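Number of protein chains: 4
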Amino acid sequence: MVTVGLLGYGYWGPNLVRNFNATDGARVLKVCDPNTDRLRKLAQTYPGVEGTTDPDAIINDPALNAVAIATPVSTHYDLAMRALTAGKHVLVEKPIAATAAEASRMIEEAEHQKRVLLVDHTFVYTGAVRKIKETVDSGMLGEIYYYDSVRVNLGLFQNDVDVLYDLAVHDLSILNYVLPNKPCAVSATGMANFSGGLANVAYLTLFYENRCIAHMHVNWLAPVKVRRALLGGSKKMIMYDDIEPSEKVKIYDSGVDVGSDPEGMYKIKVSYRTGDMWAPKLDTTEALHTLVRHFIDCVENHETPITGGQEGLFVVRVLEAAMKSMKGRGATVEL
Amino acid sequence: MVTVGLLGYGYWGPNLVRNFNATDGARVLKVCDPNTDRLRKLAQTYPGVEGTTDPDAIINDPALNAVAIATPVSTHYDLAMRALTAGKHVLVEKPIAATAAEASRMIEEAEHQKRVLLVDHTFVYTGAVRKIKETVDSGMLGEIYYYDSVRVNLGLFQNDVDVLYDLAVHDLSILNYVLPNKPCAVSATGMANFSGGLANVAYLTLFYENRCIAHMHVNWLAPVKVRRALLGGSKKMIMYDDIEPSEKVKIYDSGVDVGSDPEGMYKIKVSYRTGDMWAPKLDTTEALHTLVRHFIDCVENHETPITGGQEGLFVVRVLEAAMKSMKGRGATVEL
Amino acid sequence: MVTVGLLGYGYWGPNLVRNFNATDGARVLKVCDPNTDRLRKLAQTYPGVEGTTDPDAIINDPALNAVAIATPVSTHYDLAMRALTAGKHVLVEKPIAATAAEASRMIEEAEHQKRVLLVDHTFVYTGAVRKIKETVDSGMLGEIYYYDSVRVNLGLFQNDVDVLYDLAVHDLSILNYVLPNKPCAVSATGMANFSGGLANVAYLTLFYENRCIAHMHVNWLAPVKVRRALLGGSKKMIMYDDIEPSEKVKIYDSGVDVGSDPEGMYKIKVSYRTGDMWAPKLDTTEALHTLVRHFIDCVENHETPITGGQEGLFVVRVLEAAMKSMKGRGATVEL
Amino acid sequence: MVTVGLLGYGYWGPNLVRNFNATDGARVLKVCDPNTDRLRKLAQTYPGVEGTTDPDAIINDPALNAVAIATPVSTHYDLAMRALTAGKHVLVEKPIAATAAEASRMIEEAEHQKRVLLVDHTFVYTGAVRKIKETVDSGMLGEIYYYDSVRVNLGLFQNDVDVLYDLAVHDLSILNYVLPNKPCAVSATGMANFSGGLANVAYLTLFYENRCIAHMHVNWLAPVKVRRALLGGSKKMIMYDDIEPSEKVKIYDSGVDVGSDPEGMYKIKVSYRTGDMWAPKLDTTEALHTLVRHFIDCVENHETPITGGQEGLFVVRVLEAAMKSMKGRGATVEL
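Chains as they are written, first to last, in our numbering: chain Z, 1 to 335; chain W, 1 to 335; chain A, 1 to 335; chain U, 1 to 335.
Isolated chain Z, as found in the complex (with noise of 0.2 Å):
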């Protein structure tokens, strides 16, 4: 029985709670915040849960093995390191901490103390990127021309990490379990309309060998909401709109045939080609419940997860390098 202590009953934390409770194998049975009007509401939908202010009454306590963290990214790192520290496994939100150096510690830490250490990319345990990833390993795409993505909202500002830090983990995390490649470079523009200098709007590239470029728009100022991505091969191609109640994920037989230029020597001849369009069956099983069952077999087998340590860090050193080119106003950022 994998028993949990939760840090942090804001947004995500109920959905935690929930998912490790509707799960065979584990239990949640405490849960810090230091707000108590949140622990009165904790009590009264969970009267079995014990409710505390204090962390360290997670951390030190020898009942638990495992605690998630879902509190502020920029105390992940402290929280997770003295969890780990104590020989706890650990679930933490996404990003996995502030800076990559902060990351690199964790996963050190984590493999000295043989513990499981899982970041939420939450996206990546969805039936949709599940089946993207599957029609991307097949070959069915052909090459991959781009990768192209829209998440924008009227959102909830958060006052210690950038639109970045907040929406474009989602995409940076899909790219990385879906690509097989890594990125090399890095360009990135966006705007802080208001004062305190956290960009509410970001548009970042990621520049990849072999003629392949990913870009993703983040806004937390749209007057929709839009989950929109696009995934271009020489074959085939992708669309995956999240919001779409079903159908979230479209294969179209669509793409350019490319020949000689009868006509002159220096130019291909391009033609393109629409045919059908077909929306896969996915499965609908909430991605959070299959993120949990995947940390407690981690836990329970001693395996390495899909989303661990190294993939948090990536996410997180794509992040550094894309704030240091946004204040070059575009300039590119080698990873």
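In case anyone wonders, no lab produced these hints; they're calculated from the structure.
Errors might be hidden in some of the hints.
[Stated by the list, open to error] Pairs of lysine-lysine residues, derived as DSSO-like cross-links and limited to a Cα-Cα distance of at most 27 Å, are as follows: (1) Lys-235/Z to Lys-131/Z; (2) Lys-41/A to Lys-30/Z; (3) Lys-281/W to Lys-281/A; (4) Lys-281/U to Lys-250/Z.
[Stated by the list, open to error] One-sided and incomplete, this derived list gives chain U residues near chain Z with beta-carbon spacing under 10 Å: (5) Asp-253; (6) Asp-257; (7) Met-277; (8) Ala-279; (9) Lys-281.
Everything numeric in this text was worked out from a predicted model, so none of it was measured.
All C-beta atoms in this analysis are idealised placements derived from N, C-alpha and C, irrespective of residue type, glycine included.
Here the structure of chain Z is known, so what remains is to put chains W, A and U in place on it, guided by the hints.
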């Protein structure tokens, strides 16, 4: 009566003939195209219009007082200059020319000859864009924070220009018309997935003074057609979706409220607000009809067009900067 | 404190527990279900709530002052009558009962016992439907011409009721709430595509005085989920799309203008008019939460619910007439 | 060469001229309309086509071998009979005539004269409907359970026919083309919200043998335009949305599985199943072009059109029955 000779009867030319002929005060008398199949089609549809393969038969025809140019971009400068020099008024497809230097020369010649030089920035003449400008001018949106546009589809690859020159032109002309300020710098990224070197996907950020940012995503290799722009203001926001059969422009009474943060000195408190949405009725006149009407009025009344040489020059200037930035993988280029 | 015993922990029961427990002034203390798997799940999620397989353990428990009934329709009457007779307030799922005769007896018993009898016509408590009623009451729509609803999906086939009893109930309760008048006659058609004789697709027309007509299309065998109603008035029209994540209610300033026809005596001249569209902000509180709150208020203040026995009876009366008409392949049945 | 005279240059007439002139083997030589403004417009667009206000100038012109009739419904019979009697082939707009008796007489006359009589059931010639027929014919859908269509918008009120005659014609012609069986009875309801007595909203149910049902909702007073049909089969289902710019036809591998019910003798166990969705590529040729091509082929090869007199008669027969049922507020009318 404005008597028009048309150069180029490919994709767009037939629309020009149809609209000129449906508008009082103008008539297309001659059409030139090197492709005799197209001329046969012209004869079949418009028995009264003369076809020719020789542009000079139009440029030097004293019975014509205007020339419409719907040929490849690389030929715009030469044809327009010859037509202006011959004393014709000129309507030229977008972009006005391949380079800013060419555009400047065309502007000079038109001024020298006292002739109308109108660039076919079609979208400026749509009911949707005119309503957006009206809304911005009214101050209803408050301070403008950003403009974000997506213009992608599985497109006709052009032989002589890349996707920026083909598609971003539309957004640049809209931006130039709608926003009161001019951008000061550009960062662009993109990719040419096929040999030949012309980008088929591109991202373009424009930096403005006063914390405003504009971004365009153009792509010839997308499985779906998207034509959607967001315009974010401090008071209200607009979504402009040109694919929508009606309700192309939606105005959202949404935004963020900025207050002083009681808990800290250095950060502001931002909370979001959602309210009603309103889709104003739009003029549904075909944009090209309005443009043709405007061209005739400018010719008859010796007026300067809304989309004249200067507007055409602005667009090409930004495109040149974008191409330079794209080569530098996003490096800032000042305007 | 309203102390609730719940009968039935199948599809809807868990939502009732969650909402009662999240509302001040009420608590679910006991839940009855014949299925012990469901009771195990209950214990896992809500350790503090007692489970039982015996309805009498709830109906006769003096510690409970209210009973919520979420069991198959055929059992509503018996369970509700026993609970009312035992002095409990009753919240019963829709439809109130299998027949109008049963519903009438339940109303009498509730009045006799001076107990609250509330039917869970959930949609009446949504922000969308309340906004529609507000709009109709304001006179903004003018004269109401029609109500048209489509409520289809690939659905759970019920064992004891057909698609009318399952889905049309929602529209009938909305109609009853929104429109000032009552229908005077019914015509219905439908089909049972499987042996068993319960219709899986049905169409229901309600005739009103004053040229108003209402129509419902319900279908358990549709490949897509549609929840869309149109409400046409002489001045404005409403589209209510419950699938839309936001903007569920759109008010169109569209309609027809009726004038005298100069060209003839016997016919009128009707021309249409399109104008702005407006999507008002809606209260997004979960409907069941509002309903539970209303139930508690009615119990505490001895008030008559918005969706009480009479409203439940109306719905069942129309359903009975519709079944009769459906057997006659559309033959009119007066109400 | 099929030489065509067109009667009626209102809403649809210009489309006929454009398509005949764009098709090899036919040419419109004369157009008749009582409205001289329309004839002026004709002359402006097609200088080579002769205009007249006298139908006999077309019907009796020996240079013409075909007459296209795009006039009000009430005039179809008289004009078509005169044209057939004069030995012309006839293309007549939908519906073929105002009554089944008229349609029968037209069929007889066409047979007697050995002339082609084609009714412009345009939708039958769309790529979408032809793909649907192909799918039904292949048996892929299994047993057909229902056809359900919604065809509503804020429409042009007609002076001489109601909404059934205007819009339901489309669905009846599609049904007749797609389904192998004919309906045996009709139930219809509707409402005339304006004096004049012509229904502006109507609902029509068609009963088939073998538990198949079809339903149409037509409405001239809807705030939005909807053109959507569902076709439910035992194995697969189709959604046909004509508003969709692409992907008009979607085939769902969804349905219900029927098994024996272990818990009871008298009821069956039905469970639903959702699977992939597939949107086949469609021929995007303009339907009217395909129809005109077919008309020319029938004339040249003495063939019977896909949408000939019999198909036109079927539609009018159902419409007559529907009108009778509508007067009886849904009362069944056998066909």
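Now the hints, each set against the structure:
no. : hint                   : verdict
1   : Lys-235/Z to Lys-131/Z : holds, 17 Å
2   : Lys-41/A to Lys-30/Z   : holds, 21 Å
3   : Lys-281/W to Lys-281/A : holds, 20 Å
4   : Lys-281/U to Lys-250/Z : holds, 14 Å
5   : Asp-253                : holds, 8 Å
6   : Asp-257                : violated, 15 Å
7   : Met-277                : holds, 4 Å
8   : Ala-279                : holds, 4 Å
9   : Lys-281                : holds, 5 Å
In this structure, only the earlier hint numbered 6 is contradicted, and the remaining ones agree with it.
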